[in-house]
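K.L.:
The lines below spell out each chain.
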Amino acid sequence: MSYYFVIVGTQDNPLFEHEFGTSKAGGDGQARFPDQARHMNQFIVHSSLDIVEEVQWGGTGQMYLKCVDRFFNSYVSCFLTGGNVKFMLLHQPPSSAVSSTGGAANPRSSTSTIATNPTSPQTEEAVRSFMLEVYESWVKAIMSPFYHVNMEVRSPVFRQRVAAAGRKYL
Amino acid sequence: MSNLQAPRGGAKEQSGLRYPANGKTIYHRPLNRAKTAELSGASFAYLFSEMVSYASKKIESIQDLEKRLNVQGHPIGLKLLDLLLYREPARSQTRPLNIITLLHFIKINVWQHLFGQAADGLEKSSDPSKPDEYMIIDNEPLVNRYISVPRDMSQLNCAAYVAGIIEGVCDGAAFPARVTAHSVGKQEEGEMWPGRTVFLVKFAPEVMERETFLGKG
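The listed protein sequences derive, respectively, from chains D and F. When we follow full-length UniProt numbering, the leftmost residue of the first sequence carries the number 1, and every step to the right adds one. When we follow full-length UniProt numbering, the leftmost residue of the second sequence carries the number 1, and every step to the right adds one.
Since the hints were made in silico from the structure, they are not lab data. Yeah, the Cβ is synthetic: ideal placement off N, Cα and C, and Gly gets one too.
If you anchor each label on the Cβ, the simulated ranges turn out as follows:
1) Glu191/F to Lys66/D: 51 to 59 Å
2) Gly41/F to Pro156/D: 33 to 41 Å
3) Glu50/F to Met151/D: 22 to 30 Å
4) Ser56/F to Glu152/D: 32 to 40 Å
5) Gly121/F to Gly29/D: 49 to 57 Å
When you get a sec, could you build the whole thing from the sequences and use the hints?
P.N.:
Here it is, written out as structure tokens:
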């Protein structure tokens, strides 16, 4: 499974981007998006923002909105903070189309439930844990008196924390 | 400058980030804190008096001064919103979806965090032509405790700073609003709350529109 994680500000502006792969079931933590489709990730996530704005006022106001959108083989999960900053996670399970470029990692990772079924409760739970861990780092980042709303987060420590959360849960 | 950047581990130098001596960054510190951890009121009063005198330099009017205090408080509100939501137990960790939950969050959580007690009142404007106005009432604002307003500046209420914090919380939660502080305590003998302050929250038209729309749905 390959992941593309992006934090989107209140003006639909990207604040932080990170690409990684699964570390479960023998995955090596590398993203394996096919070269010809990799640049599409940003478009797919951006188009999902409309769906987020539709669902954000419904329900009970939970921050984790689960899987909000799907585009062919890409699934988009969202976590919305109190300050209306969106954590978007695009996950793409290895498909037959990908396996030609994906190489040897695919048969191993397909044994994991997280990797094979992006809408299963286990995946939702794993993504929730990931999002909550990122949220903790995010609150710490915005607590900095030098951080203003919608500012890009460049801290390498923040990136390390996000990568660690990805390794831990996804 | 160069002598400040003592040689350290190679990886750290490459990133261009300077770590504190103990290697702990803001990300290493916990966000939760003990309930009893309070700041000294004296040091706050001292800091706040400096903030007010800083804001009162080269001002043209009282509104100008209140505006500056408001601007100082605004980013605090934005940050408090997410910090306090983070500290909520997972079950009630929800974004405020309507005006009442938002104001309730401010009255209870924000006030409790800042001043150690809930606000004294929350009211909706009784004027039917102003359904977008709400009032949060504090009988004795902490920020005004050691502030005596000169006679020639009688309209001034330094709680404009707290109004800025409220405005920050509202703006952050996507409920854009204008918040102003007004003194309503009577300066008479025997008055129980001479410093009584009303924070008037006036929500933007789009908030009211969404509120009616969501109410129907």
